[in-house]
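Top line first, the protein sequences correspond to chains A and B.
Going by numbering that gives the first Met the number 0, the letters in the first sequence line up with residues 0 to 575, in that order.
Going by numbering that gives the first Met the number 0, the letters in the second sequence line up with residues 0 to 192, in that order.
These aren't lab readings, by the way, just hints derived from the structure by calculation.
Treat each hint with caution, since some may be false.
[Unchecked claim] Once the Cα atoms are required to be at most 27 Å apart in a straight line, the calculated DSSO-like pairs of lysine-lysine come out as: (1) Lys-486(A) with Lys-125(B); (2) Lys-75(B) with Lys-105(A); (3) Lys-443(A) with Lys-81(B); (4) Lys-125(B) with Lys-140(A).
Since this is a predicted model, take the numbers as computed values, not measurements.
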Amino acid sequence: MDHPRRSRRRLAIAIVLVLAIVSVFVVKLVDIQVVRADELDKQSYDKRAVAVTTYAPRGSIIDSNGTVLADSVTRYDITSSPRNINKDRAAATVQGFANKIAVITKQDPAVVFTSLTQHPSADYSLVSSAVTTAQMRAIVKLNLPGIYYVSHPIRTYPDGSVAGNLIGFVGTSGAQAGIENMYNSCLASTNGTTSYEQGADGVQIPGSSVTKKAAVPGGTIKLTIDSDLQWFAQQAIAEQATAIGAQSATAVVIEVKTGKLLAVADWPSVDPNNVGLTPIANRQALSFTAQYEPGSVFKGMSAAMLIDTGIGSPTMQATVPWSWKTPEGGRVNDAGAHAVERLTLTGVLQQSSNVGISMLGVKVPEKTRYDYMKAFGLGQPTAVKFQGEASGSIQPLPWDDQTKYNVLYGQGVSATALQVAGIYQTLGNGGVRLPLTLVDSCTKPDGTVTDQPSTSGTQVVSKSTASTVVNMLESVVDSGELSSVAKIAGYRVAGKSGTAEVASHGVYTSDRIVSFVGLAPATDPQYEVLVTYTKPTTMKTSAAAAPTFKKIMTQVLTKYRVPPSTTPSTYPATTW
Amino acid sequence: MSSLPAYLPTRAPREVQPTRHIEIVATRSQRRRRPRIVYGIVAVAGLFVILMAQLLLSIALSQGTYQISSLQTQQKNLARDKQTLTESLNVLQSPQNLAAQATTLGMVMNNSGSGWLRLSDGSVLKNPTAAGSTSATDPGGQALVTNALLTPDVTAQQDASMSTPAAGNPASTTGGSAGSDVASGSIPAPVTH
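Next up, chain A with everything else stripped away, as it sits in the complex (with noise of 0.2 Å):
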């Protein structure tokens, strides 16, 4: 009779029991889902998911023929865990590791020993840095517990020293000097960071991958300079340099018509892969840093105002004494003794004579002869605005007694390497002055093109000038003093020398700088050279710099194949 009242209490305590655990189970579930919900799921999210920066590589600096001059590779640092391999090992055991490693990084065995085991509990310890893909392979074959790698970008220029001074380099902060630093916004790339989630193996759970930030790469920097013609240039005044024991050298070559430079080289040259080896003072590009009193070289220019203001002609004639004493009581002397010679302007470009430049040039105003240096770009940086250019000085009107003659022979005035080269630029192109350029474009890797420079010119002397002056300075190169080193068999060149004297505390030494600037071919300039040795020790003349001129000349006129002139020289009488 109480069967079904036993079974009804029993069905009840189940139910009851049933519920009790149902409703824990309910509240540890709102427990998880509901309250610790964020808390839960970031800790696993934490665990799956790994953030990776993506590097995009800084953009490459190529020559104008599409040379990498400098490019971007990836090194690889590789690292340990010390308590990971110092656990459970004896230390013969990790002198082996140590021995395998150094064996593939060139290590000495004892350095990596030393970083697997100098901190026993660490858990990173840095065993060699920027190895090759090779070497990291090898040590990764090796398959060591606890040695891993990883891979960051490092800049490399295949190219050495061609170029370097102009290049500049990448240091541990970042770039330094040269394009790289100039152009660092171009060529810069931006970090990325990807994440996504992982297995235990490390493979990606599918669909899980969360790009968060691309990386973009750098643009290119596409320069003006041929790195061959770069490399012979650099080759060709290191050698002379060399000979004649000077200080430093720099060359430059110009294409006339478009003011692009071709080469700019500077002696000695920096190796941006490994800029230690070269002096601070020397790192820079001095084409364009440094400043000196150009000397003789000026005479060009002078003649170009004399003619351009009317005053003078090629044939003007003076009565030029070897040393001659300035109507203000200064003096004035040539380069060395001679009888008194009856030159016209042509002959004093010929002979290089001090006295009768500032004989002829005095006759033009100061005012008017300040302004043409400042027209021929003297006195402000090159349109290339390279770091650290100097922007040469011509001294505020009005001038002392003696500076009035010494500007017209280029003593009391100075310039850099590039200005001057600039005034020749001028007088080739019919006396229009272009921006000189050394930086072609930067081109974004989305194609868009920025950093072109301006092509606009000015016109500074006329056309009519231009080509008269440089008519008249064949004379130097066809039966002047440096005919001999500097005539070009086949071609019909234009050039001028230079040997200036070197002030030091204000007063001039006998150090000197020495340089030849020369046009070709002079019927219808194409190629500008320009040479300069600085303070040499063995051959302190013009006569020093010309034959690097001809090699240099020689080669541009081979490489860019300008056909012979078919006449020979013709120009002004000399004397009278």
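Since chain A is already given, all that's left is putting chain B on it; use the hints.
Only chain B this time, still in chain A's reference frame:
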């Protein structure tokens, strides 16, 4: 009378066979409406198929992930190969290396030797001159234009690859036949007209 026989049989079984099993017989339409076993089987099978499909899809998807992962690794390795090769090519084609190699081969730079012809009247503007014993520059001497990347390792590797021409290399075979043409006195010329 007629109602009696009808009454009797209905009463009689109840009394005669009180425990006789009876059931409600469904009408035809009711029977048609009843769920058939085949539907159940189809539904369960369908469920099973869906589950299997989902499982297979998931397997395929994860398989694809592994494939992507392995291809990505492969791509990364190939990209590294390419970069390594480009890097060494750029160094090997640097002017310093080319000049040094040319000097080793006994070549000199003859930058003023080219001749010039004018096609319009066939006149010789400049006679070609043969190279002398001295080079326009002497890169073989002191390394004046340095390149820190041209390490002895790199040059040694290059020398090794130069001394062992690859078998079946088309470039080397063409070079060989051109050489024999010259030896036999004829100049190899392009076949295009």
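Review point. Which of the listed hints are broken here?
Key: Result: hint 4 breaks, nothing else.
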